[in-house]
Structures are given as structure tokens and as C-alpha cells.
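Trainee: Next come the chains, spelled out residue by residue.
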Amino acid sequence: MADIVLFKQYDIRSDQRLSEVNINEVRRYSGMRDDSLDGVIDECVKEAMPVLSYKVSYMRTMIDWESGYPLFLGVGYKSENLRTNLKGCDEVIIFAATVGIGIDRLISKYSHVSESKALFMQALGAERVESLCDLFNSEMNELVSAEGKYLRPRFSPGYGDLPISVQKDFVTVLDCPRRLGINLNDSFLMSPSKSVTAIIGITDRENCDINNYDKESCVHCGKTDCEYRK
Amino acid sequence: MSDIREYLKNHLLYLDGGMGSLLQERGLKPGELPERWNRDNPEAIIDIQKMYYDAGSNVVLSNTFGANILKFEPDELNDLVCRAIDNANEAKKRSEGKQEKFVALDIGPMGKLLEPYGDMPFDRAVEVYKSTIECGVKHGGIDLIFIETMNDSLDTKAALLAAKESTDLPVFVSNAYGDDGKLMTGATPQAMIAMLEGMHADAIGANCSLGPAQLKGVVDEYIKYASVPVLLKPNAGLPHTENGKTVYDVYPEEFSDLMYDFMAGGVRIAGGCCGTTPDYIRAVVEKTLPKNDEFVKNNPVTDKNISMVSSYTHAVTFGKSPVLIGERINPTGKKRFKEALRENDIDYILGEGLRQQECGAHILDVNVGLPEIDEPAMLLKVMKELQAVSDLPLQIDTTDPVAMEGALRAYNGKAMINSVNGKKVVMDEIFPLVAKYGGLVVALTLDEDGIPDSADRRVEIAENIIKEAAKYGIQKKDIIFDTLAMTISADTTAALATLEALNRIHKDLGCLTSLGVSNVSFGLPGREYVTATFFTLALENGLSAAIMNPFSKEMMKSYYTFRALHNLDENCGDYINFATSYIAELEAMQAAAKSSDTGVAEKKDVAGSGGDFKSPLQRAIVKGLREQAAQITKEMLDAGAVPLELVNDEVIPALDIVGQGFEKKTMYLPQLLMSAESAQYAFEQIKKKLAENPGETVSRSKFVIATVHGDIHDIGKNIVKLIFENYGFEVYDMGKDVPPEVIVDKTVEVHAPLVGLSALMTTTVPAMEETIKQLREKAPWAKVLVGGAVMTQEYSDQIGADFYGKDAMASVRYAIAYEESLKG
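Residue numbers (my numbering), protein chains in the order written: chain B, 1 to 230; chain Y, 1001 to 1824.
Any given hint might turn out to be false.
No farther apart than 30 Å at their CA atoms in a straight line, the calculated lysine-lysine pairs in the DSSO-like style are these [to be verified]:
hint	chain 1	residue 1	chain 2	residue 2
1	Y	Lys1507	Y	Lys1304
2	B	Lys109	Y	Lys1665
3	Y	Lys1557	Y	Lys1665
4	Y	Lys1384	B	Lys168
5	Y	Lys1665	B	Lys46
6	Y	Lys1245	B	Lys8
7	Y	Lys1101	Y	Lys1287
8	Y	Lys1182	B	Lys168
9	Y	Lys1557	Y	Lys1614
10	Y	Lys1665	Y	Lys1338
11	Y	Lys1320	Y	Lys1304
12	Y	Lys1224	Y	Lys1138
13	B	Lys8	Y	Lys1182
14	B	Lys109	Y	Lys1335
15	B	Lys168	Y	Lys1101
16	Y	Lys1101	B	Lys109
17	Y	Lys1471	Y	Lys1423
18	Y	Lys1471	B	Lys149
19	B	Lys46	Y	Lys1471
20	Y	Lys1297	Y	Lys1384
21	B	Lys109	Y	Lys1689
22	Y	Lys1182	B	Lys78
23	Y	Lys1623	Y	Lys1806
24	Y	Lys1507	Y	Lys1164
FYI, nobody ran anything at the bench for these hints, they're computed from the structure.
Using the sequences and the hints, build the whole thing.
Mentor: Printed below as a string of C-alpha cells:
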């Protein structure tokens, strides 16, 4: 798959991570700490599930380390955090994932009539696109495992000192407007809002613990007082 | 050379195939813009295009898919478009193919999503497409405009409008459907057909995304509903990789077999998209061209004569099952609605729309006409906001032609238009708009002489309207006649005349009909009974649609029973659903009425138990029970409670309980919001009461709030807004992505003592800083509160804010304390 953009559209039934919503995560994203509003969350899930679609566009490419910083797809990234993340990697997978515009419509609708449901819809959308990324990540992991290689934790534009503006390159290269319906606004934010772009380093060395993904992804974040910091 | 529209009447038409992969084979690198090859490597372009003409393509698209003003400077854009057209004409000249040959100016999507989900305004989008199309039209050498691979309906409309406003050349429009059979933003083929035919696209269809086999469902819908030639330009199946190369899984043999079947079934225009090559086109031509006469004869392009309107997701068809048009978004006779309009209270208006949808409306009428407001601006705003939250088609209802055009232009889909009538001057204003933007227009059977008493005259006026509309190319199927329901309390023959005219227009003229049914009962007691029976009678006389109140159970009874009795409701399923829930509702009400005494006792009980809640209203608010909060408030007001005392003694203390719970972390954010919403519901009742006695107010200070420029995250801002409203602040919500000047201007205009700014991303903190700087200059009196995911006390100090609100409660507490300090 080197340097070729590939596309996946998932059938919701194909994997439990898609067919079943992780209610714990929805609670966590919405700031709920107990199950007293699970009934409302269930209503949101029922309304949202039919309008979601799960799509990923991705590409595997070589990293050029000549300048000391990672360079791929013809662009050098002068980011210390990304350099650290990709240390020891010869290749990366870059990908874009989205659960579609439907959830944005629901968020917008409820922001006018029920702010609590808007909040739960936001949380649900976040949980859905993260689940999609996790599923894609595990598929990629299987792929590189077969080659005796390992994946680094995924790293997104906007983490640490990697500017969010690099999203522009990813969205163009991955043909996002056409394949996924992802477009950027002038501030480099994606629409549909429940979309993710990320970089996953591929390395020969078993230097990271898959189980510690989440923890590593928090390391670069400056918000040290975050209650979700791991 | 003939006009391609003429050519299509008797011929199958062949388009070209893929371009991208052929350019890559010739050395185009990933990330390199193919449009530059028109200048830097024209021979490669000409070579590929000549191969398509040689293979039998009638139409070759210029290499301008991504040529737009967002990617290129104006001079370069013009140069590339002109060269692209020259290249295609050169290929046409060099090819020895004997077929009729055309050159199309290719227009692809600009790669920006339109508002409200993206940041591209509709008018700007039209300008972007125009800048490309005008280069091509001015240069000449093109026979048609080919708009393709569009995956959003509003974006498609912008491109088509740009073409129509730039040239009289034929325009073909092709959309990219996903494997769910819809566009990326949700439109079905039928919705697109309704909109595009309304705007006079010359051929429509599908391209890209999928292979021919997967597009079967989409093509079937086009064949079923489209009245113009249908085009199909699929991919060579689905891509995968083999030895580091992209390979598509459908080869010319299979591709052409599938295309043969489609063309035998009515597809008039065929080509290929990603992964297809001249070999694919040649195979299609070889198989189908010998069948030209047979295919054309079996599938003449005829008007399907289907009346429909659409939203950005779906179409509503008229003529079979009656269509319900919700009448509630209209200030006439509604104090609370007028107040909402004057106060720019969009949420109230949207709430009315969504409730009608829940009650079963198929279309929403939108009327915001009030003498003291700027109707064109308000109509546009309400229409756009409604389309952001509801997928129902809208009926644009205004007597102001400027407001009508503004709304029709930006409407996402094909709207209903309310209304035109037999007066010459009105037809002169409205018909050009219907012709340009498309629409199903309501035509009132009145003219310069007023509303005729007799049915004869009304039918005559209808005939005149049909004749006049035809001059603009507006067909009968796009007119729906309203024979004007008048109250029987003034003239007991009124209903009969209306029904007779209705029946004759339906039967003799074969036209659609609509009525604003509620008028019939004006001035009578128990209006609903009369209106509902009249509705049933009108349905029996051929009524196609009613502008009505979906909240009226009597009306819904008529509707569901009529459909069940007229074999329009399979297995009576809809009726059974309606009746079951209606009966359950009635029983619940009766039960409640029976135990009304014990009910009071229970409420007292709640008040006393454990001392948690001082009253049932407080309990309802704290527990987040919205309907209950509204109901109790209404009862208390009806029993004589003073509105302002209710606020101070009941609502605010309840909110304080929740606020404290939130601060102590015994209650969480969603619960805080649910309580706030319940308080809103209580306030809504209080506002209704206050609207009856103007002068009283519940407001505290003015508070301007916005998500700063560059940031589109507004949930935090919305939460703060809700809590501030709860505590009685007069909130001016400026929305998201708001430039500093706009915030400053509003603060100065209303002299707000408090301003709240929200930002979610580090990248937008500078915009917040800039806003504060400008506020200090022009509104030095204002205290600035900041908040949002990235905000910290440190940041807040750095950018010079007065207060960092870690959450909504902290912010409202600060605001109240500050207000008190001003008084003190």
C-alpha cells in the first residue's frame, strides 16, 4: 500500500467496536460520573446510530530523516514531539477517519432545543470516532505484525507542537473531500466535526507497549490539570 | 455542430473516462495539481483526450476538475482554463473519430463545505464557481458545462446557479453517491432530481464513488423520477492494491456489459470515472451504439409529471397521500411568536418547527412577516437555521418579493413557494423566481377583483394562472392551487364554493390543490371540530395538501382516518400507531383528572418529604423534568401566581440547589443542563404570561457572548448562555467563529456590562486576545469573562481578561457578584 491512498468503509456489523457503543466513554466525555442519565444516553444512541457512517482513508509512506526531523509526502515536520513519537520509525501510516455529518446535524438540532442532549450527542460522536480509530489501528497493527513490525501510538495534528495546520496536507493527500466528505475551514478544523487525522509510526523495534497507548497520547498535551489525564 | 440537447433527442451520448490515473502513468506526482499540466505538459493532456475521442466519446471534459479560485490566482486560473479548453479542442481536431464531438467545461467540487456545517457562505460559493465558468465562457470553444462529483446538495446548487447566471449553454450535473445510495451530506437521488430539474439542468445523473453494479439503486431512482436525460459515469469498480499499484476490480468487458444493461433500461449518457480508460469507453460504444435506435425508442425522454419538493435529504411527492404543511411558524395572532421575532429568539421558532415535525408535519410553512422587522434578513436567517436542524422541506411564505428571492436562492433543495395569485403584478414578480430557482408554487384563486364568490370564477382564474406560468416555462405540475377557505360564520355558502372550485381544479384541470383549512372556522366556538370536518370534505374533493396545525388532534384524526379509508395506509399501520398512542394519552389524562385531589396531596407530600424540595416546581426543575416544570408553572400562573415572584421564589432557588450540587460534584454537567432546560420550560410559561401584560420584565444585566473568531466549537458557549438566561440575564448570543469587531459593536450597541468569550483551541486564543484588546478600546466599561477547554487562569491573565470561568456556574456567580457590586 506504499504511497497509494486506500479507502475503507466499515459495515457496522463487522466489529463489536462499531456495533456497540461504549457507554462508559460517552459518560466520561460528557462529564457524567454515574448511570443516572443512561436512559437519556440510550435515546441519543438510538437516534444517532442510523445516521452514522464509518469511513477511513489512509496511506503508508516512507519517512526521510535526512534533516533530523521526519519528512514524508514531501513535507518536513519541524516538531519535537512528532520527532520523539516517530523515533526509530522508517515508515508512517497517515489516515483520516470520520463518522459523517449526521451527528453534527443532531448536535446542531439539540443545541437549540436541549443542551443536555447536545452534550450527549457530542460525547457520543467523540466515542464513535475514537472507536473507529481504535478499530483501524488494530487492523493496521495486525498488518505490520505480520511483517514483524510494530506501531507507535497515533499522533494527531494539534498534539504538542505539531500545528493543526498540517491537517491541510493530510486532507489533500488523502483525497478527503471526495472520499470521506471531510473539508477544512479556514482555521483548519474539520467538518464533519467528528473526524480525526493522525500519524502512526511503524518501527522494527518493540519500543512501545500497545496497552499504554492512551497514556502516551497524553504525554504531549500541555493541559496538565486535565481530569482525564492518564 | 448541433446543440447537444438536440443531439440527445435521438442519440445515446458517450462521455470520456478517467483522467487521474492516466496522468500519473505519464508522470504526474502525488500532490501535483493536474490543471497545471494544461500549461506545462499539454501534449500529455491532448494525447489522453484524443484517445477518448478515438474510442468513441462524443464529449470530452476539459482538464479543469480542480481549477478554481481557491487553488489558483485569478491570472493563472484564467490561463489554465483557456489552455485546458484549447487542449480539448486540439484533441477533437486531431481525432479521426467520425462521431459528433463536443467539448465540455469540467467543474468539480471546490473542496470546501458550505455553511452551516462548513465555513463557506453560499453566495461566496456561487462566486467561486462563477470565476471558473466565466473564464471558460469568455474564452469560448465549449459546448456545455459539466458539473460533476458533487457530494453535497447545496454545493451542487451553488455550481448550477453559477452556470445558469453565466451562460445559456447546456449544463449537465452529476453527483457522487455513497454505497448507502445518498450524497455525503444525506441527499437521496430523488431529492437531487427535484432540485436540479427545478433549476433546469439539461441532464443529470451519477458519477465516481462506486462501480456500475453498486450504483444500480441510484440509477433506478433516476430512471424512475427524472424527466431529463440521465447520465452515468461510474468508477471501474472498487480500488485495491497489487504490487504497489492501484487496481480496479471491474475490467472493460464486465464494465461494458453492466453499462449495456443500464442503457437498455434508460440511461441516455454514459462514460467512466476513476480507473476507467479509453478501452472501457470503446467497449461500451461497441456494445451499445448498434442499439442506438432501439434504446432511444424504448426509453424516450418524457416528463414524468411528478410534483415534488425537497430538502437536503429527501423529496416529498404530491398527488397520492395528502401532504401536511405545518402552519405554526407564523406570527399572525400569536403574541409569544411576535415577541420571539422582535427579540431574535431563534430557538423558540426552531422549537415550534421541530415540534410540528414530531407531530407529523411533512413540510413547514415559514412566515416571519412583522411590520417592524427586517423581513428579508429574518426570513433568510430563520430558513437557514431551520435547515440546520430539521430535514423537512420548507414552504417560503412571504408577500415581499425581495425576501422571497433571498430565501429561495439560499434554500437547500426545491422549496414550496407561498404564494402567487391571479394578479398580473404578482405573477410578474413571482414567476421569474419560480422559473429561476425552481419550486412548487401555491397559487391563490383571486385576482385584481378580489376573491370571487363563485366556483366558476375561481376555476377561470386558475386557468389564467396556468397560461401565464407557461410563458415562463413553469409547468402545471409545479403549481398547486389554493381555492381559498373563507369562514362560514360570515357566509354559510363559503365552504361549498371553495370545495366545488377545489373539485373542479382537481378533476377538470388535473392540478394539485391546497388549502389553509383553519380559516373556515374563524369566529365559531370549538373551531377544531369544524376545521377537521372541512379538512375531511376537502380531502374527499381531491385536496393534495393542507396548511394546518399539526398540534390539533382533531386534524390528525381526520388525516389518519382518511388515509386508512382511502387505501393509502398499508395494513392501517399509521392509523393504528396514531390511535393507540392517542387513546393512551386520553386515558392518562382521564386518570389524572380523576385523582386530581389526591394529586395535590401528593405534590404537598413531595414538598414535605425529607425537606429536599420546597415545592413541586422546585423538584421538577432539580430533577430535570421539563414537561412537568412547564405544567406546574402554568397551573400556578393560572391559579394567580405573580410571574416575577415565581422566578425569585421558585425557579432561582431551584437553580441554586443544582448549582451547589454541581460545585460540590454531587451533580454533573448533564444534570445541570437538564435542570437548566426545565427552568427554561418554566420560563417559557412565564414569558407567555408576561407577553399578555407588557412592561414587566425578569431581566438582569445584558451579557454578550460569543465563540471567538476561527473557532467553531460552541457547546461550552451554549451551556454558559443557557445558565445565564436561567439566572435572568439578557443574553446576546453572537454565535461561533465571530470576528472581534462584531462582538465589540454589539457590546457598544447594547452597552453590555458583561462580555463572555469562549475558545476551545490554543490556536484561537490570539483571536480572544485581539477581541479583548478591541473591547478595552471601544467598550472600556465591559467586564470580560473567558472560558473554554484550553483556558487557564494563567492564559486568562496573560490576555488581560477580567475573569476566568472554569465552568458555567463559576461564571454566573461572578456575574451576579459584579452586578451586585454595581448596585452596592
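Trainee: Compare the structure with each hint and give your call.
Mentor: Here is what the structure says about each hint:
no.: 1; hint: Y:Lys1507 to Y:Lys1304; result: 19 Å, holds
no.: 2; hint: B:Lys109 to Y:Lys1665; result: 28 Å, holds
no.: 3; hint: Y:Lys1557 to Y:Lys1665; result: 48 Å, violated
no.: 4; hint: Y:Lys1384 to B:Lys168; result: 28 Å, holds
no.: 5; hint: Y:Lys1665 to B:Lys46; result: 29 Å, holds
no.: 6; hint: Y:Lys1245 to B:Lys8; result: 17 Å, holds
no.: 7; hint: Y:Lys1101 to Y:Lys1287; result: 19 Å, holds
no.: 8; hint: Y:Lys1182 to B:Lys168; result: 26 Å, holds
no.: 9; hint: Y:Lys1557 to Y:Lys1614; result: 41 Å, violated
no.: 10; hint: Y:Lys1665 to Y:Lys1338; result: 41 Å, violated
no.: 11; hint: Y:Lys1320 to Y:Lys1304; result: 15 Å, holds
no.: 12; hint: Y:Lys1224 to Y:Lys1138; result: 37 Å, violated
no.: 13; hint: B:Lys8 to Y:Lys1182; result: 17 Å, holds
no.: 14; hint: B:Lys109 to Y:Lys1335; result: 25 Å, holds
no.: 15; hint: B:Lys168 to Y:Lys1101; result: 39 Å, violated
no.: 16; hint: Y:Lys1101 to B:Lys109; result: 49 Å, violated
no.: 17; hint: Y:Lys1471 to Y:Lys1423; result: 15 Å, holds
no.: 18; hint: Y:Lys1471 to B:Lys149; result: 72 Å, violated
no.: 19; hint: B:Lys46 to Y:Lys1471; result: 50 Å, violated
no.: 20; hint: Y:Lys1297 to Y:Lys1384; result: 44 Å, violated
no.: 21; hint: B:Lys109 to Y:Lys1689; result: 27 Å, holds
no.: 22; hint: Y:Lys1182 to B:Lys78; result: 41 Å, violated
no.: 23; hint: Y:Lys1623 to Y:Lys1806; result: 24 Å, holds
no.: 24; hint: Y:Lys1507 to Y:Lys1164; result: 36 Å, violated
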